[in-house]
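Given chain Z, put chain B in place with the hints provided.
There are 2 protein chains.
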Amino acid sequence: MKKFVNNVDDILTESLTGFGDAHSDILEVKLKPDFVSRKLKPAKPKVALISGGGSGHEPLHGGFVGYGMLDAACPGQVFSAPTPDQMEAAANHVHSGKGILFIVKNYSGDIMNFEMGADMLNLEQQTIVVNDDVAVEDSTFTTGRRGVAGTMIVEKTVGSLAETGASLDECKNFGDHVNKMTGSMGVAFTSCTVPAAGKPTFDIGRDEMEFGVGIHGEPGRKREKIKTANEIVAELMDAILEDLSPNNNQEVLLHVNGFGGTPLMELYLLFEAAKKILDQKNITVSRSLVGNYTTSLDMAGGSITVTKLDEKIIEHWDSPVHTAALRWKM
Amino acid sequence: MKKFVNNVDDILTESLTGFGDAHSDILEVKLKPDFVSRKLKPAKPKVALISGGGSGHEPLHGGFVGYGMLDAACPGQVFSAPTPDQMEAAANHVHSGKGILFIVKNYSGDIMNFEMGADMLNLEQQTIVVNDDVAVEDSTFTTGRRGVAGTMIVEKTVGSLAETGASLDECKNFGDHVNKMTGSMGVAFTSCTVPAAGKPTFDIGRDEMEFGVGIHGEPGRKREKIKTANEIVAELMDAILEDLSPNNNQEVLLHVNGFGGTPLMELYLLFEAAKKILDQKNITVSRSLVGNYTTSLDMAGGSITVTKLDEKIIEHWDSPVHTAALRWKM
Chain Z
508 MKKFVNNVDD
518 ILTESLTGFG
528 DAHSDILEVK
538 LKPDFVSRKL
548 KPAKPKVALI
558 SGGGSGHEPL
568 HGGFVGYGML
578 DAACPGQVFS
588 APTPDQMEAA
598 ANHVHSGKGI
608 LFIVKNYSGD
618 IMNFEMGADM
628 LNLEQQTIVV
638 NDDVAVEDST
648 FTTGRRGVAG
658 TMIVEKTVGS
668 LAETGASLDE
678 CKNFGDHVNK
688 MTGSMGVAFT
698 SCTVPAAGKP
708 TFDIGRDEME
718 FGVGIHGEPG
728 RKREKIKTAN
738 EIVAELMDAI
748 LEDLSPNNNQ
758 EVLLHVNGFG
768 GTPLMELYLL
778 FEAAKKILDQ
788 KNITVSRSLV
798 GNYTTSLDMA
808 GGSITVTKLD
818 EKIIEHWDSP
828 VHTAALRWKM
Chain B
508 MKKFVNNVDD
518 ILTESLTGFG
528 DAHSDILEVK
538 LKPDFVSRKL
548 KPAKPKVALI
558 SGGGSGHEPL
568 HGGFVGYGML
578 DAACPGQVFS
588 APTPDQMEAA
598 ANHVHSGKGI
608 LFIVKNYSGD
618 IMNFEMGADM
628 LNLEQQTIVV
638 NDDVAVEDST
648 FTTGRRGVAG
658 TMIVEKTVGS
668 LAETGASLDE
678 CKNFGDHVNK
688 MTGSMGVAFT
698 SCTVPAAGKP
708 TFDIGRDEME
718 FGVGIHGEPG
728 RKREKIKTAN
738 EIVAELMDAI
748 LEDLSPNNNQ
758 EVLLHVNGFG
768 GTPLMELYLL
778 FEAAKKILDQ
788 KNITVSRSLV
798 GNYTTSLDMA
808 GGSITVTKLD
818 EKIIEHWDSP
828 VHTAALRWKM
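Chains Z and B, in that order, are what the protein sequence lines are.
This note's numbering runs 507 ahead of the 1-based position in the first sequence.
This note's numbering runs 507 ahead of the 1-based position in the second sequence.
Bound conformation, chain Z alone (with noise of 0.2 Å):
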C-alpha cells in the first residue's frame, strides 16, 4: 500500500489534527468524539446545520464547515459511520436555540447512526436524507438510492437558508427540496484503497470501468470495456436527465467531481461535453462547479451532478460561503 501513514489507526486522527491547524481561522477539531466546528459562534440563533459520514470523501464534509454551510461535521473512520456520541458532541457544542438539522448521506450506518445519535439529544430536530445517485435502487450499503456528490449542493444552500434565520422547518423542507431536483451518476477506472484494508477494495481489468459506482467503490449499473469520455457523459446525462426530467430552457447548476485519482484536466473536459449535451437540449448550465469534492480516497473516475435551478436555489448557492474547500464573496 503506497500511503503516507505512521500507523494506520492513527490516520483519522493526524489527520485531523493537520486539518484543524492549516485551517484554524474558520474551524476546531474536537477529538474523542470526533468533530469539526466552526470558529466563530452565529451573531444570532439560527439553525445548526450537521453532516458527517465516513472519512476518505475529503473535503467532503469537514471542508464544508464554516459560515454559510455546516456548523459541524462528524467523520466516521475511513468509509465508516461516525457514532452516535459524534452527533451528540457535536449538536450540544453548536446548537443556538433554533434546533439542529442533520443532514445525512443515504446509507444505511448512517441512518441508523444519525438516528441514534438524535435519540441522545434532548433538542429540536429534523434530518435531511441525500439521495441524489440515480445509478441504482438499493446497493451494497444502502436501501433506496445512495446519497453522492450532490450532498454538498444540498449543504451550499441550506446553509445559506440557515444563515438568514429562516425556521428548522423551512430549512428541512428547502434540502429536501434541492435533494429533489438534483441527480448524480459516476463512473470509476480504478478501485480506491481504504488504509485498513491495505489493498484495493475490487478488481478491474485494465480495459474496464464500473459504470454507476458507488463512492465506496459499490457497484453500479454495469462492468463494461472503457468507452471515449463523449459516450460515457452521453450515458451518465441520460440517466441524470431521465430522472430529473428537466423543461425546456430549464436552468441548472453543473457539477463535475472528481473521486481523487483523475486529473482536473480530465474533469473539464468532461464537464465541456457535459454542457454540449446540455445546450443541445435547451437547458442552460448559468452555474457549475468542477473539481474533487466528493471523493472516494485515489479512486480514479468521476460523477456529473445536475440540478434544477429555481430562483431560491440561485439566491442559496451564490451566497456567501467561506469553508476549508469552498469559498466565495467572502
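It should be emphasised that the hints constitute simulated quantities derived from the structure, not laboratory data.
Errors might be hidden in some of the hints.
Where chains are identical, the list cannot tell them apart; a pair therefore holds if satisfied intra-copy or between any two copies.
Said to hold, decoys possible - Distance condition first, Cα-Cα at most 27 Å in a straight line; then the derived DSSO-like pairs of lysine-lysine:
| hint | residue 1 | residue 2 |
| --- | --- | --- |
| 1 | K605 | K551 |
| 2 | K788 | K537 |
| 3 | K836 | K551 |
| 4 | K509 | K783 |
What follows is chain B alone, placed relative to chain Z:
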C-alpha cells in the same frame, strides 16, 4: 490507459474549452494560439503578469488567472513548454501600459520559449525565473534547480503587489525575493501517465518511492523503500530548512501540495507532521495551504514548500484574490 478522453490530440483543446465555460465569470480562453486571460480588464494600468508552462499541472497556471494574481497563462501541451506565439498573443492581449512580467518555472524548454516570445514583443518586460526545488541541481529538463510548487506563491504575492500599481522593477525584484525565500521538495509513490505516451513515465517498485522527484517524474535524490510519513517529512524538511536556514522565531508559510493522486486526508497528515517539526525548531507556521495546486497528472505523492515570511510577503499573501483555484476576501 484509463483516462477520460475522446482523441488524445484533442484533450487540451476540449479541456481548455470546458475550463473557459466553467469559469466564464473570471476568465476567457483563446485557442490557436492558446492562452487564458482575465475577463475583466484592470481599472487602471498595472504590470501584466503572465505565466505558463506545460499542461498537466492543473490548476497551475490557468487556475490562477484573475484579480490579485495572473493576467494571463499560456498552457503548452502536456509537460511541454508553450510556444512563443502563445506568449506573444497573451502579452499583446493583456498589457495595459506598465509592462509585462513573465513568471517562468526553471525548465530549459520554458526558458527558451519564453525568451523567444519576449523577443517578439515591443513591450517593456522582465522575467522572474522560479527555482524553488531544493532536491537537485540540474535535472532531466533543467539546468540549475527546478521550479515547482513555490511558483504559485510567487504568483500570488507578486500578483497582489501588481494590483497596487507597483512598477515593473518593483514587481520583478519582489518576485525574485519571494523565490529566494521559498524552498520545496517532493516525493512520488507512483508515476504519472502522459496521455500521448499512454503508459507510465517511469517504473517504480511496489514498495519504493522516488525521493526528491520532479513534477514531470524526473529523478530526484534517490530511489528507496517507502518510509513512514513522519520519516519522509523529516527528510524533506531537513533538505528545505538546510537550504532556507531560517532564524529562530522565523514566521513561515507552510504549503503541502498533492501531485494529483494522493487523498486530501494524507496531505493534512503530512501538514501536521511538518508543522510539528517546525514547532520544535521555534519556527512559527502562521500561514498554510494544503491541497492539489501544482500537480503531475495522476501521480501519487506530494511536496512540501516553506516560504520565510516578512511583513511585505504576508501583506501580499493575505490580500484579496479571485481566481478559479484560489479565492479569498472577495
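Any of the earlier hints contradicted here, and which numbers? none
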